[in-house]
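Residues per chain, in single letters:
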Amino acid sequence: MKARDLTDLALRNLREALFRNVLTTLGVAVGVASLVAMLSLGVGLQQLASQRLSQSGLFDTIFVTPKNNFRGMGRPQREVQTDKPPRALDEDARKEISKYPNVIEVYPQVRFFTEVRFNNKPYATVVAGMPESSKNSGSFDGMQGRFFSSATAHEAILQIEFAKELSDKPDSLIGRELTLRYAERQALAANAPTGADAPGAAEPSGGFSVVPKELRLNIVGVVETEPAGGYGGYGNARLLMPLETAATLRAAQVNDLRDIVRDSNANKTTYASLSVRAKSPSQVEALETSIKNLGFNAFSLLDASKSLRTFFSVFDLLLGIFGSLALAVATLGIVNTLVMAILERRREIGVLKALGAADSDVQQLFFVEAGVMGFFGGIFGVLFGWLLGRALTFGTNLYLHRQNLNPIQLSSVPWWLVLSAMAFAVLVSLAAGLYPASRAAKLNPVDALRYE
Amino acid sequence: MSASDPAIHLDHISRHYSMGDATVRAVDDLSLSVDQNEFLALLGSSGSGKSTLLNLIGGLDRPTSGSIIANGQNIATLSPLDLARYRRNTIGMIFQSFNLLTRMTLEENIELPLRLAEVDRAERPGRVREVLERVRLTHRLGHRPVELSGGEQQRVAIARALVNRPKILLADEPTGNLDSATGETILALLREQSQFGMTIVMVTHERALAEKFADRLAIMVDGKLQSTSAAKGLAQ
Chain G
1 MKARDLTDLA LRNLREALFR NVLTTLGVAV GVASLVAMLS LGVGLQQLAS
51 QRLSQSGLFD TIFVTPKNNF RGMGRPQREV QTDKPPRALD EDARKEISKY
101 PNVIEVYPQV RFFTEVRFNN KPYATVVAGM PESSKNSGSF DGMQGRFFSS
151 ATAHEAILQI EFAKELSDKP DSLIGRELTL RYAERQALAA NAPTGADAPG
201 AAEPSGGFSV VPKELRLNIV GVVETEPAGG YGGYGNARLL MPLETAATLR
251 AAQVNDLRDI VRDSNANKTT YASLSVRAKS PSQVEALETS IKNLGFNAFS
301 LLDASKSLRT FFSVFDLLLG IFGSLALAVA TLGIVNTLVM AILERRREIG
351 VLKALGAADS DVQQLFFVEA GVMGFFGGIF GVLFGWLLGR ALTFGTNLYL
401 HRQNLNPIQL SSVPWWLVLS AMAFAVLVSL AAGLYPASRA AKLNPVDALR
451 YE
Chain U
1 MSASDPAIHL DHISRHYSMG DATVRAVDDL SLSVDQNEFL ALLGSSGSGK
51 STLLNLIGGL DRPTSGSIIA NGQNIATLSP LDLARYRRNT IGMIFQSFNL
101 LTRMTLEENI ELPLRLAEVD RAERPGRVRE VLERVRLTHR LGHRPVELSG
151 GEQQRVAIAR ALVNRPKILL ADEPTGNLDS ATGETILALL REQSQFGMTI
201 VMVTHERALA EKFADRLAIM VDGKLQSTSA AKGLAQ
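Chain order of the listed sequences is G and U.
Numbering-wise (this note's numbering), the first sequence opens with residue 1 and increments by one.
Numbering-wise (this note's numbering), the second sequence opens with residue 1 and increments by one.
Looking at chain G on its own, in the form it has when it is part of the complex (with noise of 0.2 Å):
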């Protein structure tokens, strides 16, 4: 029989017990709605994360570090020391990373210990110069008051727990003054050259003295998430300020003594570590792998990245296999349709294969209608599973507004997951309608002719 013969008779029969199959195929819907729901779900948090990791810059981000950093006490050094001094993490190197395809920004970190003084109290802190790009990434996503107002701009942002011993009501703070003392380089040598005002910069060689210094700068904004971590600095910085601002302050940070001690690089302006961004964390690794080759040391969270991905898969596994429970207990609805169709349309069969239908063509009759049923379920399903996870994305949000939090997009529906959700809905369909078709196909025409 030809295939729209066989679609036009499938679909007539299906019309006939109408309610019946609309609850076999709503039966294959719910099951197709839990699995979409659940893998929107996992397809969703995942998306989040990334999204939100991708902001906070730690997954595009390598650190670099000159080869001849501290390793700690008691601690060996890694390389093999060599009569050739290890290359100076300076202005030149900055400049040739930073042509590097794929890399978006190059800057140093820039941390030092400080004093607060705030109501004639003193405070014990550590201070970080953060870029105008950390905007946008995602750490001051909701805080109170308002990002630096410009990069050479005399304004703080507080950690929350900083601005807690600061006053009762944080929120209070934004738009007072606080003064910050700090020791600042002053180069002992006349000639010294004036590349140590570029930012984050250690003094030349020659050596330097320490003078104390305060600044006063205006709170604008407090947050309550950690945007200069303890990685790559040293401690978690809870005052943060424009980065060109914090540079000019050429505050004296912990390499400078180790410099001052090697005198390895007279003359030359070198930092204690670069942050250097990528455009996405899938080019991290080729850019790490070419800043070790200049001769740094590189780091990155990659790794840490590797087993989120692993995480997530697994965790849509578990999700898939929980969501198709329901899918499996609808196949039987199916199986059990089917068969009451064969009971049903016994002397059907027969009258068909009287009049020449072969056993194929039986059998290719009820495949089609388990296909049927499979389509429409999936197509349903789909439907209801987005609209379980818009349900659910909205169920949370409204939690989140409760809570003073930014609403999130929980569940994600990707054309993949349409096309797998309806193609798997199809093909579990035809498994359960194996049985059945093999069974009518099976009749004997005699007997079913003879069947009231």
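There could be a bad hint or two in this list.
[Stated by the list, open to error] Selected chain G positions facing chain U (Cβ under 10 Å, derived; list incomplete):
#1 1
#2 6
#3 184
#4 314
#5 348
#6 352
#7 353
#8 360
#9 445
[Stated by the list, open to error] BS3-like cross-link-like pairs, simulated, lysine-lysine; straight-line CA separation at most 30 Å:
#10 U:212 to U:232
#11 U:212 to G:2
#12 G:213 to G:279
#13 U:167 to G:442
#14 G:135 to G:164
#15 G:121 to G:164
None of these hints come from the bench; they were simulated from the model.
Just so you know, these numbers come straight off a predicted model, no measurement behind them.
Note that beta-carbon positions come from the ideal geometry of N, C-alpha and C, so glycine has one too.
With chain G's structure known, arrange chain U on it following the hints.
Just chain U now, kept in the frame of chain G:
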């Protein structure tokens, strides 16, 4: 197959069933030939094996032994697929209870064998109309079987059996569910079909009707052929 060859030749065919320890010999070592364009009536009491024999000729069942040469081929040895093709292209079948599909219209019921034979869709309406004219039912095309009388339903069944232009028409008690007047009309209709170059084998209990419309009568007793004789042919 030449013009002188029989349309159907049964050679020592048997159909035995096992029922527990017992063996039922529904058809037992029966030999019979039916000529081309002949109208043969199979008579006999209930359980004599008439319907079993008809099912064997129709390719719905297979003999335990013996050969059935129909339209030049031994259908006892055909594969299931070839047997389905034989039923589709060579045989037309009519049943006592009409066996129309109640959820389909007359047109759809008659079109069913054309779908199975994969006849071009454009050709089908013409073929359906042609056979409906032959059974004189063109005005009921869109009706469903339940809206027709028994006689009309049997005429639709005849139209469905004829639509694929079979060489052999098999009728199993075609008048069994009809009153005598309607039964006569139906047999007259069957008789007409033999004019179109068709061999007809009909199972019936009604000897008078068989005598009137058939060419030859074959009487079965306990699965065996007891006798064959020429009909009186009153209708001819």
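Structure-based check of all given hints:
Using the Cβ-Cβ criterion of 10 Å, the hint placing residue 1 (chain G) at the interface with chain U is satisfied: the shortest such distance is roughly 6 Å. Because the smallest distance between the Cβ of residue 6 (chain G) and any Cβ of chain U comes to about 9 Å, under 10 Å, the interface hint for this residue holds. Because the beta carbon of residue 184 (chain G) sits about 93 Å from the nearest beta carbon in chain U, more than 10 Å, this interface hint is broken. Checking residue 314 (chain G) against chain U by beta carbon gives a least distance of about 49 Å; that is not within 10 Å, so the hint is violated.
Residue-level restraint check for residue 348 (chain G) holds (minimum Cβ-Cβ distance to chain U is 6 Å; threshold 10 Å). The closest approach between the C-beta of residue 352 (chain G) and any C-beta of chain U is roughly 7 Å, which is under the 10 Å cut-off, so the hint is satisfied. Because the smallest distance between the Cβ of residue 353 (chain G) and any Cβ of chain U comes to about 7 Å, under 10 Å, the interface hint for this residue holds. Residue-level restraint check for residue 360 (chain G) holds (minimum Cβ-Cβ distance to chain U is 8 Å; threshold 10 Å).
Because the closest C-beta pair between residue 445 (chain G) and chain U is about 5 Å apart, less than 10 Å, the hint holds. A threshold of 30 Å between alpha carbons decides the hint, and for residue 212 (chain U) with residue 232 (chain U) the separation of about 6 Å falls inside it, so the pair holds. The suggested pairing of residue 212 (chain U) with residue 2 (chain G) is violated, with an alpha-carbon distance near 43 Å, which exceeds 30 Å. Taking the CA atoms of residue 213 (chain G) and residue 279 (chain G), the gap is near 38 Å; set against the 30 Å cutoff, the hint is violated.
For the given pair, residue 167 (chain U) sits about 27 Å from residue 442 (chain G) by alpha-carbon distance, which is consistent with the 30 Å threshold. This hinted pair checks out: residue 135 (chain G) and residue 164 (chain G) have alpha carbons roughly 23 Å apart, not beyond 30 Å. A threshold of 30 Å between alpha carbons decides the hint, and for residue 121 (chain G) with residue 164 (chain G) the separation of about 14 Å falls inside it, so the pair holds.
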